[in-house]
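Line order of the protein sequences matches chains X, V and A. Going by our numbering, the first sequence opens with residue 1, and the numbers climb by one from there. Going by our numbering, the second sequence opens with residue 1, and the numbers climb by one from there. Going by our numbering, the third sequence opens with residue 1, and the numbers climb by one from there.
Misleading hints may appear alongside valid ones.
[As the list claims (entries may be wrong)] Mimicking EDC-like on lysine to aspartate or glutamate, the simulated pairs with C-alpha atoms at most 20 Å apart in a straight line are:
1) V:K461 - A:D163
2) V:K81 - X:E66
3) V:K277 - A:D205
Simulated from the structure, these hints should not be mistaken for lab results.
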Amino acid sequence: MKHEPIAGRAITRTIKYIVCITLAILSVIPFWIMIMNATRGTYEIQQSAISLLPSTFLKSNFQVFEGKAFNPLVGFMNSFIIAGGATILGVYFSSLTAYALVAYQWRLRQPFFTFIMAVLMIPAQVSGIGFYQFMYRIGWTNSYFPLILPAIAAPAVVFFMRQYLAGALSVDIVNSARIDGAGEFYTFNRIVLPIMKPAMATQAIFSFVGSWNNLFMPLILLTDKSKYTMPIMVSLLRGDIYRTEYGAVYLGLTLTVLPLFIVYFALSKYIIAGVALGSMKE
Amino acid sequence: MKRILALVLTLAMLFTLAVGFTGCGKEADPTPVAPDTSSPAETSSAPADTSTPAPEVTDDPDVKVLNLWSFTDEVPKMLDKYKEIYKERTGNDFPYEIKTTIIATTDGAYQPALDQALAGGGSDAPDIYCAEAAFVLKYTQGDASQYAAAYKDLGIDVDKLVAESEIAQYTVEIGTRGDGKLVGLGYQATGGAFIYRRSIAKDVWGTDDPAVIKDKVGPGWDKFFQAAEDLKAKGYAIISGDGDLWHAVENSSDQGWIVDGKLVIDPKREAFLDYSKKLKDNGYHNDTTDWTDAWYADMKDAGGKKVFGFFGPAWLINYVMAGNSGGEAPGEGTYGDWAVCEPPVGFFWGGTWVLANKDTKIPKAVGEIIEWITLDNSETGLQYYWANGTLYGPGGTKDTVASGAVMKKSDGTLPFLGGQNMFDVFVPAGEFANGKNLTQYDETINGYWRNQVSEYSNGNKSRDQAIADFKQQVADNLDVIVE
Amino acid sequence: MKGKRLKSVSYAKYGYIFSIPFVLAFLIFTAYPIFYTAIIGFTDLKGLGKTDFTILENPFHNFQLILKNPSFQRSLQNTAIMWTINFIPQILLALLLTAWFTNQRQKLRGQGAFKVLFYMPNIITAATIAILFSTLFGYPMGPVNDLFKMLGLANEPINFLLDKWTARGIIAFIQFWMWYGQTMIVLIAGVLGINPALFEAAEIDGATSRQVFFYITLPSLRTIMLFTLVTSLIGGMQMFDIPKLFLNGGPDNATLTVSVFIYNQAFSGSYLYNRAAAASMLLFIIIAILSGILFYLLRDKDAIKAKKEMKKLRKAQAAARRAEA
């Protein structure tokens, strides 16, 4: 076996650490500033929006919530239902669609894939037009369905899953399952899905974050207070530009981010460690 | 993935389109209550609309909910007080459940949502809704004014009350629809003053008397720049940035940006190019941008040079300057070292207008609330509480109100202004303001204009080029004729 | 690795069955709005609350207007510029980090934590980031100006955000910083999908880390790279919220992107839905062409060759059969 010289290795290792630590600091700083601002008063923030030290307004920022119908528990619940539902449906059905594209030879396979790519390329502003109007006409305002169900057709996720499966799926596994008498649907759920865990975890994170932070659609679809999501509640804290309670807004933003951390850390083990491929070693 | 981001705009777009479609569906059903805003008034009397008495109106007894749409909690909180007063007056509880929908304007969602709700109709449609100066024109005179009820049709005796309460003319101008009917009024007066530092005035001119200072900084911009020179000699900046001047220039011009579908650059607004350049070249300001850290810092002497004054209405004092003065009592920071005087030109800045839906099923209740908010000049009217800072109990923030009559019998002394009664200045300020120069495109066009002005004043392009580029931007983005 | 082909005949129907949910959801929630927009581009629909529209006499009038619109042309250039200066460093850094973090021989301590941290900028909402950066580059006072003064780089405060290239550079940097972590995660997931046997074989053959990365990891990542390139391209062409929230397209249109332009057409006062729709369709066409080029460049050449040969073979067989007959 060839090895790089020891000294050279030490240097590259040091460089790697320096780069990684620098990038890590760049990643943490905005969160730090946001959390610090959550403890600062509105006028302090107006004087200087960046501070690395906390202040004493955390309690009064919480008090602003009381007057403003800001109820984090309700917000968390609603956001969890929407983001969780959209993520589970999106990841599951995208995997299924991707499997259909990779594992089977069917006449419309290539056209269907081209079609999905075309959908992906449509500027978001186009596919959005008319969506609300449609939901309004079928009476789905103040409902979670229009925020969850469209995730079933997520072209970007299908695309990713397809690309991943094209590299990771071995036909032999599928065939051996068939020889054992497994149904196609059973094979997908029990054999293919486990192979896709890293891909599903990454896409789950992305769609959960996206859905969780999504503001505009929920804002216009959900007008019933008891259905508000976290970002809606934070946006209500902002009021108008002349009188914004910045401290409370940052506190709200901080609270909004916390569950994302939890979900992210829970899923990140699939990204961090290569747990996936046990089932397909030849 | 990344398109999630772009969704924001998607949604905005589809939303407004939605308005169209549902509006279409609605046209199909016969509208039983009032097929046209004007019909009750017109059928009852002669064409001389302005002098007709308010018609009798009645509420639909089956309706139990009053829907209120707003972008802050200000008006919803007023209605809490209204319910109390209603109980005191009549002995009964207010018979409607008030359902409030608050959507912030900051994320650009309030207007599309409101448009949708107005067009959609039905039992969830707003009965009362609020609009801010930045977009009120759309609802009182522009594309969405068709949804607004004339105050008169709500049983409000408009002509008498506007005169009696001495409502500032500019708020009436803004609230009057093309057909001459008043559809919206505010509760706050946002006529602007010049808010200046007493200590600096004494240092430069030997006095801090508003009567003297108003003749130093005005009338007219020539005297203002003269004063800037005096201040510069002593090392002071007259204002913080050119944005401060802009608000005064914008709302004192004779014409708005659009006249008969054509872009017009009012000479007074065009002159802003030169003012901005002059301020920059001579170092008369700290070159800040409004609503940024450096601008706030200038309110407590934390900027480059000490800043003499700011242009603004009472709300700027209450909600921005007081908190940023670095103190909470006279002697701390710049608190108490301020005074107000008449500005070089009359202007107004901001404000909230209250409108009613023409299709409301409970016009009587709605009318009574709107009258209480916008036109009641008694001591149990909203504006009396608002002016004296007693809406939420004694000791609250005093603010200027739409009714001159109310301000005249209220006490507007503020410790922040060193004990000056601000109403002495703000009552006439409201009279000088002009409400005829707004358009529904202002937010957009002002953005382009100030962008090009700063290109010019920073020496990035010539004056002519700046104007040409401004015109091009307007032509590119709006359906406006540009010559 | 791909093994022998499946007997396609008996299982083909599952391809259709498993695609049904996607197609249904697409038809219900997306198809109608898309067609609606596509049609609006050819009509006279503008103005708030308008419902009725007619197809224009010259159906391409809106498209012509948009193509001639100087702001639109500018927005295309800006988008291309900002995408390029964001994406090239982004993909390079993501690849570098992927190489480091998937290197079996030299494991970095704490790499799990790093992977988690690098994605974090993507979690914060764009509005917060926009405020943060405008404060950083504040004028006449702000942290960056303070730093310049401290280091003696400038005597007078600099109004950074008034300079076109600085403004574009900052937006490109924000995009880069927000998205390199996500790109890295995608690439790492791709590496995890590579058959470990390949790495083991390379190890046995004594390949260096560098060789493993360039000769095994990178080629195997091709499909995922295609995904990254195409989605970044699409995301980049649709770049909206940072340019909108940070500088609103300024200074002097320097950071106006196509999406911001479209938004302005529809919502900045005149409600020009027809022109916005036409601009959206143009953007779609541009993205489709660029994506098509990427697909062509990164196509699987071996697979195509194999397919062609199969075809030839079949033709030859058919010819032979005909000759026999």
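Here is what the structure says about each hint:
no.	hint	result
1	V:K461 - A:D163	12 Å, holds
2	V:K81 - X:E66	18 Å, holds
3	V:K277 - A:D205	72 Å, violated
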